[in-house]
Amino acid sequence: MRIPSPRARLAQLGFREPSRAAACLEELPDAWRGTGRTALVEAAARAADPDTALESAVRLERAGVSLDEALADAGSRESLLRVLGGSMGIAEHLERHAEDLDVAARPLPPAPAERYVDSLLESVDASAGVARKPRDEAIAAMRGRYRRHLTELVAWDLGLDDPSASVDVVSAALADLAAAALEAGLAIARAAARERYGEDADRVRLAVIAMGKTGARELNYLSDVDVIWVHEADGVDDPRATQIATLLARETTAACAQFQKAPPLWEVDANLRPEGKDGALTRTLASHVAYYERWAKSWEFQALLKARAVAGDAELGAAYEAAVRSKVWESSSREGFVESVQRMRERVSEHIPADEVARQLKLGPGGLRDIEFTVQLLQLVHGADDESVRQRGTLEALDALAELGIIGRADRDEFSDHYRFLRVLEHRIQFWRMRRTHLMPVDPDELRRLARSAGLPDAATLTERWQAVRRAVRSLHERLFYRPLLGAVASLGHDDVRLTPEHAAKRLEASGYADARGALGHIAELTGGVTRRAQIQRLLLPVLLGWFAEGVDPDMGLLAFRRLSEALGESPWFLRMLRDSPVAARRLTRLLSSSRLIGSLMERIPEAASWLDGDEQLRPRSEESLREEAAAVLGRHRGDPDAVRSALRSLRRREHLRVAMASALQRIDESTVGVALTAIAAALVDAALELHTPEGLRLATITLGRTGGREIGFGSDIDVMHVAAGEGDPIAVATTVIRKVQETLADPTLPFELDAALRPEGRQGPIVRTLESYRAYYERWSEPWEAQALLRARPFAGDAELADELMAIVDERRYPAELPASAAREVRRIKARVESERLPKGADRRRHLKLGDGALSDVEWLVQLLQLQHAGREPSLRTPSTLEALAAAARADLIGERDAEILREAWALATRLRNGLALARARTIDVLPNERTELEAVARLIGMPAHSALALEEHYLAVTRRSRRVFDRLFYDA
1 MRIPSPRARL AQLGFREPSR AAACLEELPD AWRGTGRTAL VEAAARAADP DTALESAVRL
61 ERAGVSLDEA LADAGSRESL LRVLGGSMGI AEHLERHAED LDVAARPLPP APAERYVDSL
121 LESVDASAGV ARKPRDEAIA AMRGRYRRHL TELVAWDLGL DDPSASVDVV SAALADLAAA
181 ALEAGLAIAR AAARERYGED ADRVRLAVIA MGKTGARELN YLSDVDVIWV HEADGVDDPR
241 ATQIATLLAR ETTAACAQFQ KAPPLWEVDA NLRPEGKDGA LTRTLASHVA YYERWAKSWE
301 FQALLKARAV AGDAELGAAY EAAVRSKVWE SSSREGFVES VQRMRERVSE HIPADEVARQ
361 LKLGPGGLRD IEFTVQLLQL VHGADDESVR QRGTLEALDA LAELGIIGRA DRDEFSDHYR
421 FLRVLEHRIQ FWRMRRTHLM PVDPDELRRL ARSAGLPDAA TLTERWQAVR RAVRSLHERL
481 FYRPLLGAVA SLGHDDVRLT PEHAAKRLEA SGYADARGAL GHIAELTGGV TRRAQIQRLL
541 LPVLLGWFAE GVDPDMGLLA FRRLSEALGE SPWFLRMLRD SPVAARRLTR LLSSSRLIGS
601 LMERIPEAAS WLDGDEQLRP RSEESLREEA AAVLGRHRGD PDAVRSALRS LRRREHLRVA
661 MASALQRIDE STVGVALTAI AAALVDAALE LHTPEGLRLA TITLGRTGGR EIGFGSDIDV
721 MHVAAGEGDP IAVATTVIRK VQETLADPTL PFELDAALRP EGRQGPIVRT LESYRAYYER
781 WSEPWEAQAL LRARPFAGDA ELADELMAIV DERRYPAELP ASAAREVRRI KARVESERLP
841 KGADRRRHLK LGDGALSDVE WLVQLLQLQH AGREPSLRTP STLEALAAAA RADLIGERDA
901 EILREAWALA TRLRNGLALA RARTIDVLPN ERTELEAVAR LIGMPAHSAL ALEEHYLAVT
961 RRSRRVFDRL FYDA
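Start counting the sequence shown at 1; every next residue gets the next number (the numbering used here).
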């Protein structure tokens with residue numbers, strides 16, 4: 001077996017420059033030859049950057065630093081080499097401070113905050129909070145002690161098997177260490193203040209309030225430390241007290257951040273104070289409170305969410321926290337608060353240099369700020385009422401939000417995991433050179449080192465995971481940060497959120513609930529208990545109640561919501577969708593408080609609520625897909641008529657509901673409604689015919705009327721004629737089949753009637769005929785009205801060839817080459833008779849949507865008269881669709897464009913109103929209501945804004961007046 005050369009072996013171990021590494025090994029002391037050198041190399045190879053680890057060890061030897069003790073055992077050797085290969089910044093520090101090798105080699109876990117404070121105060125020889133060492137010596141000692149603890153923390157961090165799991169511990173330790181440095185810096189400052197101001201300096205109390213990541217105990221290795229200074233004085237006038245407090249603040253800042261022989265620790269940033277850079281550096285507590293009460297902007301309260309007293313006078317710091325706490329949690333009730341926070345996040349993104357956007361761990365899309373802004377906005381909105389979400393830390397806040405059901409557990413887990421991962425990358429990028437940066441490297445070697453430092457195998461794995469995390473974080477941020485419930489919750493008062501019984505009844509009555517006690521009962525049932533479902537309902541209901549109240553019938557909406565919630569039971573997706581979706585909750589409250597039909601169907605098909613999360617599932621299905629599903633039903637249950645009946649009924653209800661929801665939400669127009677409902681009916685009739693038609697019988701169904709024109713509405717009958725052929729007595733067999741078809745499709749919830757009243761001889765004639773019987777009848781007995789009815793005939797279901805044969809007979813009758821004048825007079829006579837006899841007794845002709853002046857009947861009869869007169873010569877008129885025929889008549893100059901538009905508008909409006917009434921009342925209604933509440937319901941369901949009842953009435957009457965004038969001129973006077 002060939003033994004690899006030393007350089008080859010180094011390359012195998014992962015050294016980028018084996019020759020350079022070999023040269024470094026030659027510089028090692030003789031004591032590290034042989035097995036010692038092998039152990040050193042293997043330890044270095046396990047570091048994030050093996051080359052740097054080995055080179056740093058050699059540099060330490062060159063600097064006269066003995067590594068014998070630090071490298072004496074395997075554990076300390078591994079730790080030191082991890083540090084040297086994971087942080088050039090710490091390696092350079094160790095060259096200057098060999099006394100810290102011990103903590104790099106044998107780190108202890110992070111210490112309690114008090115131990116850091118004691119250690120740094122001891123470094124400046126503090127007594128009673130005042131440093132006794134000379135200023136420059138004290139600063140150097142404090143900074144040296146800080147870096148010793150920092151070195152130990154880096155060593156402990158790099159030794160973790162799973163750095164993500166402990167990133168919060170590391171961040172908390174960094175914040176505690178920063179707080180200790182501020183305390184020691186303040187001790188140095190007090191010594192300076194005593195020199196200048198004597199005993200008065202001791203009469204001024206100063207508290208250091210940490211903001212941002214320091215306040216939240218989630219600090220980075222290299223980050224500005226955001227602070228606010230607050231002071232009080234005993235026995236010192238205000239101007240002098242302010243001078244002393246300002247000196248204390250400046251000297252504390254200088255002790256931590258001023259350039260001296262010992263490098264500064266980090267910047268101390270006081271720009272979050274009242275009035276920012278333009279404001280006084282320090283204020284009294286009363287001055288702070290006055291500012292926040294009168295002048296503070298929304299973003300300042302968001303910043304105060306993290307505020308924590310960390311140094312100085314503990315009593316004053318606690319008083320500051322208490323004074324601002326309530327103001328933080330009241331801030332979300334400000335007008336436009338949610339939108340202002342959302343806009344601030346957008347501004348942060350807009351100010352990122354273009355060449356850094358894709359590399360930003362902190363500020364860029366999918367970065368830490370997306371998580372932090374999302375969590376903080378949710379806290380500020382919901383923390384106004386629930387103290388459990390008033391957490392400073394991001395991870396703690398996520399847990400609290402999930403516990404209350406404000407966000408889902410899965411979202412919490414995903415956000416938490418991604419946050420930890422991004423913070424690990426941020427830490428390792430920063431402590432590599434001990435520089436403040438949030439940019440992902442682009443150099444392959446740097447990416448490899450970062451990956452190994454974070455516990456990942458290589459640069460490719462790191463890049464892939466980072467990009468996946470960015471995408472996931474951005475998606476979650478956009479879904480949660482912009483959820484519509486936030487603005488609604490923020491605008492609620494405290495009593496609205498709590499729904500306390502003593503106030504709820506009056507509030508519900510004032511909001512428009514007619515049965516406040518009943519509503520309270522529904523609320524109690526929905527929110528009772530300690531289940532997660534009840535928690536989320538308690539979160540949702542204050543907002544949903546307001547949205548129901550905006551509808552026409554809030555009591556109906558709340559009852560329907562309760563029934564829907566009970567039908568869905570513990571289904572996790574439903575309440576999660578309402579909480580998180582940008583549209584679902586709003587849509588649901590609108591539908592349930594306006595449409596009795598939709599509420600009734602959703603109670604039976606509760607899973608349809610999932611369609612509200614977008615538009616895709618609200619699109620009506622094609623007739624082809626419906627026929628395929630109906631055929632599949634027959635295939636599954638052919639031997640079980642009851643199962644077929646149940647499945648087809650469920651199919652029709654479900655698809656009817658889909659069309660109803662889409663119509664009520666204005667996702668489709670009235671023409672699309674007609675096409676969709678006709679397709680549902682055709683698929684079911686076809687399936688029922690196939691189920692019951694025996695061998696040897698050919699049976700086809702032709703549709704007429706509005707079904708033929710694909711213009712039916714909710715609750716419309718299906719106008720049909722049936723034709724049969726076959727051996728024996730096909731008429732008797734077909735009659736039985738048609739009866740069974742009607743029985744199969746019957747539905748007490750959603751009535752479905754096949755109406756054959758337009759067949760030859762009307763209700764007195766046989767329900768089904770042969771082709772020969774139809775031909776003979778039309779040749780001998782047919783009346784003009786029957787030819788008119790046949791204008792909208794088309795094949796519908798059953799035997800397609802037989803239907804086409806009947807349609808050939810029909811075409812001979814409905815498209816005459818010339819319509820006799822007598823036939824035209826008969827059509828006009830029958831229309832006049834319909835107007836006088838079929839209009840319900842006492843009905844207002846102006847308000848009847850079907851038979852009234854200028855309404856559906858007027859438009860359809862006029863169009864059909866034009867078809868009878870001209871379709872024999874003008875093929876474009878040969879369509880069962882009213883609007884298509886009207887457009888064709890205008891193109892053929894049979895009617896003026898303006899007249900055609902007036903008629904089209906009247907027909908479309910009347911159709912929309914019929915559909916709206918059917919949705920509102922769950923039954924067919926042909927009269928425009930006089931009652932304002934009913935008019936309002938219809939107005940909402942056809943897409944008009946709130947309080948449009950009168951406008952709708954006036955609009956309809958004006959449109960139909962114009963339509964009637966056109967009708968009278970063209971139908972009777974022509």
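Among the clues, some could well be false.
As the list claims (entries may be wrong) - Below, simulated SDA-like cross-link-like pairs (lysine to any residue); rule was C-alpha separation at most 25 Å, straight line: (1) K841 - K740; (2) K740 - G728; (3) K133 - D313; (4) K327 - E350; (5) K850 - R825; (6) K362 - D313.
Honestly, the hints are just simulated from the structure, not real lab data.
How the hints compare with the structure:
1. Only pairs whose Cα atoms come within 25 Å are accepted, and K841 paired with K740 is rejected, the gap being roughly 36 Å.
2. Distance hint between K740 and G728 is fulfilled; the C-alpha atoms sit about 20 Å from each other, no more than 25 Å.
3. For the proposed pair K133 and D313, the alpha carbon gap of about 22 Å is at most 25 Å, so the pair holds.
4. Restraint check for K327 and E350: the C-alpha separation of about 29 Å exceeds 25 Å, so the hint is violated.
5. At most 25 Å may separate the alpha-carbon atoms for a hinted pair to count; K850 and R825 meet this at roughly 22 Å.
6. Using a Cα cut-off of 25 Å, the hinted pair K362 and D313 is violated, with the two alpha carbons roughly 33 Å apart.
Hint compliance for this structure: hints 1, 4 and 6 are not met, and every other hint is.
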